[in-house]
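Enquirer: Protein chains in written order, with our numbering: chain A, 1 to 506; chain B, 507 to 1200.
Each statement offered as a hint is correct.
The calculated lysine to aspartate or glutamate pairs, modelled on DMTMM-like cross-linking and capped at a C-alpha distance of 25 Å, are:
| # | chain 1 | residue 1 | chain 2 | residue 2 |
| --- | --- | --- | --- | --- |
| 1 | B | K1132 | B | D985 |
| 2 | B | K595 | A | D493 |
| 3 | A | K189 | B | D1157 |
| 4 | B | K1159 | A | E191 |
| 5 | B | K993 | A | E501 |
| 6 | B | K783 | A | E231 |
| 7 | B | K595 | A | E231 |
| 8 | B | K924 | A | D492 |
| 9 | B | K595 | A | E463 |
| 10 | B | K613 | B | D775 |
| 11 | B | K1132 | A | D6 |
| 12 | B | K1115 | B | D1020 |
| 13 | B | K1132 | A | D28 |
| 14 | B | K1132 | A | E463 |
| 15 | B | K1143 | A | D492 |
| 16 | B | K1163 | A | E491 |
| 17 | B | K701 | B | D1156 |
| 18 | A | K85 | B | E1145 |
No lab work stands behind these hints: they were computed from the structure.
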Amino acid sequence: MTGLSDTIAAIATGMNQGGIGVIRVSGDQAVAAVDSIFVPKKKGKEVRNLDSYTAAYGNVMNPTDNSIIDEVIVLVMKAPSTYTKEDVVEIDCHGGMQVMKEILHVLTNLNNIYLDKNNNCNVDDVINNTDGEIDNSIDNIISNNNNELDNLNLRVRLARPGEFTERAFLNGRIDLSQAESVMDLISAKSEIAAKTALSQLKGSLRDKIIDIRKNLIHNIAFIESALDDPEHYSLDGFQDKLSVILNEKKQEISHLIETADNGKMMKEGIQTVILGKPNAGKSSILNVLAGKDRAIVTDVAGTTRDTLEEFISINGIPLNIIDTAGIHDTEDVVEKIGVDRSISAANQADLILYIIDSSVPLDDNDIQIMERIKDRQVIILSNKSDLKNVIKEEDVRKYLDHRIIEISAKEQSGFEELYEELNHLFFEGRLSYNDEIYITNARHKQALENALSSIEMALGSIEDGMPEDFYTIDLMSAYEQLGFIIGESVEDDLVDTIFREFCMGK
Amino acid sequence: MNNLEETYDAIVVGAGHAGCEAALAMARMGIETIIFTVSMDSVAMMPCNPNIGGSSKGHLVREIDALGGEMGKNIDKTYIQSKMLNRSKGPAVHSLRAQADKVEYTKQMRMTMQNTDHLTLRQAEVAELLLESQTMHYNDNDTKLTADKIESIDTTNNKIESIDTANNKIKDNSLNIENNNYSITNEESSVFNNKKIVRGVRTKSGATYYAKAVILCTGVYLNARCIYGDVVNHTGPNGLSAATFLSGSLVDNGIPVRRFKTGTPARIDKRSIDFSKMEEQFGDEEITPFSFTNKACDIAREQISCWLTYTNETTHDIIRANIDRSPLFSGAIEGTGPRYCPSIEDKVMKFADKNRHQVFIEPEGEFTNEMYIGGMSSSLPEDVQYAMYRSVLGLENAKIVRNAYAIEYDCISALMLKHTLEFKDVEGLYSAGQMNGSSGYEEAGAQGLMAGINAARKLQGKEEVVLDRSQGYIGVLIDDLVTKETKEPYRMMTSRAEYRLLLRQDNADLRLTDIGHDIGLIPDDRYERFCGKRELINSEVKRLSETMVGGNKRIQDFLESKSSTPLKTAVSLADLIRRPELDYESVAIIDTERNEVIESDLYRNNISKEVIDQINIEIKYDGYIKRQTSQVEHFKKLEGRRIPDNIDYDDVKNLRKEARQKLNDIRPENIGQASRISGVSPADISVLLIYLNN
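Next comes chain B alone, as it looks inside the complex:
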């Protein structure tokens, strides 16, 4: 049989939110890329909630955009409602969220992918990962054995069939395999540092695709099972076929998988809902685009409302009465589910004192009658689902279009990955998205983008791009994933970002556009426009801090008119803007130097609002920002102290046992990461520093 063989620079497995960003980034960086999807109709599909953004997730989308990713642009094209959450709170937690037209979102992303040079979209199930053993170090006499000299390693029987080395010392020796370290039970040899290298993938049909980089973005498809009541479907979401072979191939290659679980609520026919009993939820009157490339006026549209209703004691009674029929409570589902996105039965059982829970009714798109029932995900049997949904005010006559279900899938522990999202032990193999134990479209997109950027940079022989915890939510997300043991699907939260006052969604462009431009994903014309904005902000903030005003009558009258305390001494305009009752715009009257040049600069680029917001934030919260900035400086020093890859922690005698074990497992790349590992004390860090100096 003649099977197809093709060679690309890079392969992406899975075209969800992670896969799309990864593939687009690589192709745009000039890497010949092929991306596989189980169905061309499921590219960038949103199988759960019909929105992008929200608390901290909105930050991620802004960061993806600043680095030259696609998610922000795509949602700007396809949103049907947009809202800035937390407007009344501090700027660091303002969060942009948009309802998407799901079908349109998929269509637009697919179109973008199909029209990107160097990118091939292919419908096929990847069944096998092709790895090869790389250079091995033979410790005793320091002879290097190269991969092609090893005829075959039979992992099943733990045997090396034959190794054709120069001195031919090892033959038919048995192997002990532990944590990818192959130790040969032969008196002459000790340990192989068994680093592998990726060669490509093979599809279910037998076609082989070779590449130097492979990015796994398999989402929830590996050995997926969808469950409600006692119904179990061995499919991915929406009945799409699951990927049933790849998990096995990973395990065969020494990459263990684990089982996670998540769930989604029912979709209900719009015509069967009585909206008059619900509260209407509108979008913002003046919308905020996600992407720097868009102006609000260009993407303005008529928005579609969402609706709010509540569960009640009847709903809860129905759930309690049937809880024994839930596969979660009966133990039929083994996967670990997320605590932040509990099913309605979880909420009712865990928070028994709450007599109602919110239910958000959200449209799935402009041209569909399906409504998403946010807040009521479930895996209860069909009949219970009916009873339960129909007990909710306004849903009395609800007709279910799609049942709620829980889904279980295989994923990996991201502790196996470097911060570039490349596997520590497999050269050229990357992993992103739900595969890494995260959850959410935005988390997936962010990882996909970073994996794509890093795979492309490596192929081009360029330096890796790793964002740290002070640079962005993306940095926090990836650092958490690869250094902390996550026991449930990981969701981004603003409270996870210790420097969140600096990592605002409003300054994502200021933080990351330089990097995006350096990588080559931000075109020059956009970069120029960005630089203009940045220059304007910086010069205005400087001018306002240096412009002093005294307590003359004009100023005092102005302050009085604003119910602001009169001046006793001279202050800068920035000092005045810092007062809660004043801001950049209101002090314009007494700001005689704010001349026409600034005004026209401000408005010329039509980014006046963002610039003014930025000036206000930088001045008003200056003290807090400075404090966090100094914390970041300290943090950077520790991050700058690198730990060599080949460190053997067993050699560092004075480490406490727990610390040694954790360090061995996680293998941090620098002292900063090491110090964040739970169970590693400051004394351990001291010992480590001294060891490294030696």
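In isolation and in its complexed conformation, chain A is listed as follows:
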């Protein structure tokens, strides 16, 4: 899908600042799409009524349940005097990251949302005047339907890396002499995106998606074999079986969407590593942060054998926290793997929470760790403040000149201070993360949602008694969408599966 004429959207500001963020939408449907989710404070200031280069103040609504997502300012810029030379609408929101995500999500799923709404509302119920002069109401039905139908056709997709610039160029906004640098930008950004997608997608999710795809293509191939060679394969009774399978897949994909929502699909957020020697209380602190018993905690040093991850949001700042096995010299092979992982996780982290056990003196392990991380963004947590403190601040400062916060995981004290420090670092821009990961996650989620809606369409067609060759098209598109996530295109997969799994021909 190249989609030169699609309407595209993306978060235009970087993800490293809090406060105001801008979502930019460009293309033919930019005005209509934003119009469908924006309710102005003043009547008449609907997006569709705005002149070029004027703004309106109001709320962005989620059309699914008509809830308010955020108070925003919408700025409309009409073609051709815009960056892309297309209609551009910008949404200035101030609710932070989560809000921007939600708005972008709603924008890029309008057609699915309206399709659902459309399916759930029956025209017959809306206009329920069965007696008398029915014919008079026809015009009403038609005009009412048109609005909904217009929304059904709203298609906004997430922009590809560098796509706004690409459009600006293709539409003649950017000087031809800059072609080279535009191409550089696009290929570099795509490269990063592709790498991010592959490296950050968690292995188990990848396997899950491969599984679902395999199952889909097998069933499509069976149907196609039967359509191609009807004297050989029969589809009698297959629809019922397929319904069951598709309902299962629907569940699985819905589950994956939740996973994406929780940031668990990709290592989204500020990569935060909790470091400290064994039994310093790393897991207990993670548990407090995550608000539940997540890691196994015992008094035996070295209980956390592997890295554990937890995605949490503190005051709207997304953290992907990695708990690590305590770093110390170990001969235990299993634990050795854990330690190696801790070190490599720490090397890739945006933020390190370094835990010292204030109830015992600093030892070689502590010093080793501190030397490894002294040039990194670190917050030192002096744990076990409920016990007698035997470590002096200057002992630590000798090795590591960072803010020290006294904390007690046991009594859950000192955490407010930690949160404030986080806020501080984040809003000063000293703490940021790779927003490519977030964008990739959003892309994955959109792909999952498209796959889900394709499967729902197929299920709908089965219910309506439509012939097989109609809904295999939807199943194929679900297969394609899922492929985007793991970087696989469709190619000749179907024909190959038909030949591999089914015995065809004369």
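Use these hints to put chain B onto chain A, whose structure you have.
Expert: Positioned in the frame of chain A, the structure of chain B alone reads:
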């Protein structure tokens, strides 16, 4: 020795299904055409299965017919059984298939060819292709060297003997030949864009035929070898002589060939078959003609049955016990065979869990006792074939008339071709059919027709005719062949057509008759009749969508009588037809406006059934059709962005290496094609678009 020399406008090499369509199309378009065949008895021969059509292939035949080709008409004349497959499935996969009387099929096609003006049929083996170097560009000082100034290029020694240019700069320089780019190792010059031009062909007897267009439709005859067990015959199918010289000439001219393989089952004497043990397979009671020109009643005939039986474990045991004697498993056959048409030994070995396979016994014609044993093609030795066939229920006493065999042949990679089926590097040279790595009579016919049309248009100085993937299966077929690397003989399948809901066999005429008429292959009287049909469908669909009915008693009673939900609000007649339990015919009772004019229009042309089918399909599947239509619009935009012929992908720095290589190999004609190439990512397409804009 004085050898014969003749000049035509166009030459077709091979009179199989591709060659016949190509030659007929050109001759009918007024091009003086000669077509060569190794035997006058093998014109449009069906050396394998005795039928035309079937899943997706039936679509191709319908499309050939709508464009003014011959295949549909010929099978309508010579069918002995006709069946619409998949009737219970969606309209997009309904497929028409007819059993042919093979001898009659050949005879009728030959007669049509012999009675077509501007067409000469000639029995002779073409041994040599005559090409000439065209204008060459000499890069350094932009001097153009014309072909006739080059005395001779000795390709064997990679030398240019002498080039008589104005400034006489190049003499006796050595050449490096790579991918038809001749680079001269001379400090003053760089690359020749070596485009050649076709001049004609020479036959084995030495006669020379000149023409500006040559279409290669050599089927499975180039260096053909027929094999079963350890018997190898250097012949084409049915013992016809193979063409043993042309491959070499192609290679000498810089056109590499590759080796493909296919196979056919044995033919068995009808009198030795016990049909009482088999299931009889009848044709449709009401037949559907392939050609728009025929009415069902005009070509009605008594149909001949086919029969169904099965292999069993004994059959499979025999095969397994002798598998080491198969030339396929021993490695004696090197060619790549198709996966969709496996030999029985392939099926048994690959799908070991299946305890039986279907076997279709099909008559080869009305006046022969030979029966085709569909499903059991093989290259096992003769004695194993006997044992194997005789283990099948009903074939216990079978007498083989012709052995099953595998056949290997030379063909080209169609990546060398443009969408017009003309070679990218040889002006006027076209290729169609199995030569391009496809398989099947219908696939061949479709390509032959398009190659013929395009060769004729080019000679007439007219615009090329290329069908895209949204216009027909023919478009899908050719696009797949010329842009995708096929590793086995390519067969059409409905699943290859992404817009198949639009590309139905029932609307092939609606999709393509305009084009056929524009080209000049559809006569005016037929076109008028077609326009009448189209107008009737369109106006009826419009009227039904606009005619509203309310929930009055008459309507509600009608709905109740059809077990259909009563109305709560007014709807259009089209909305009612969309309900599964209703259709155009059943709502006639409440359709007060469907007056006599429409009725008489419908039946006057005796195309009522097709019209009614069309109305039902267009209304019932409207939502799906609209969805595909909008996908097609998107597709068309990309297809519309042309890539210049002379683009140098090495110049486009930001393309990834894999993409650059693929683009260089395939050289797509537009952005749409480029985006379908595997290994070319959306980012590569972006980069390409920006480069093209620059």
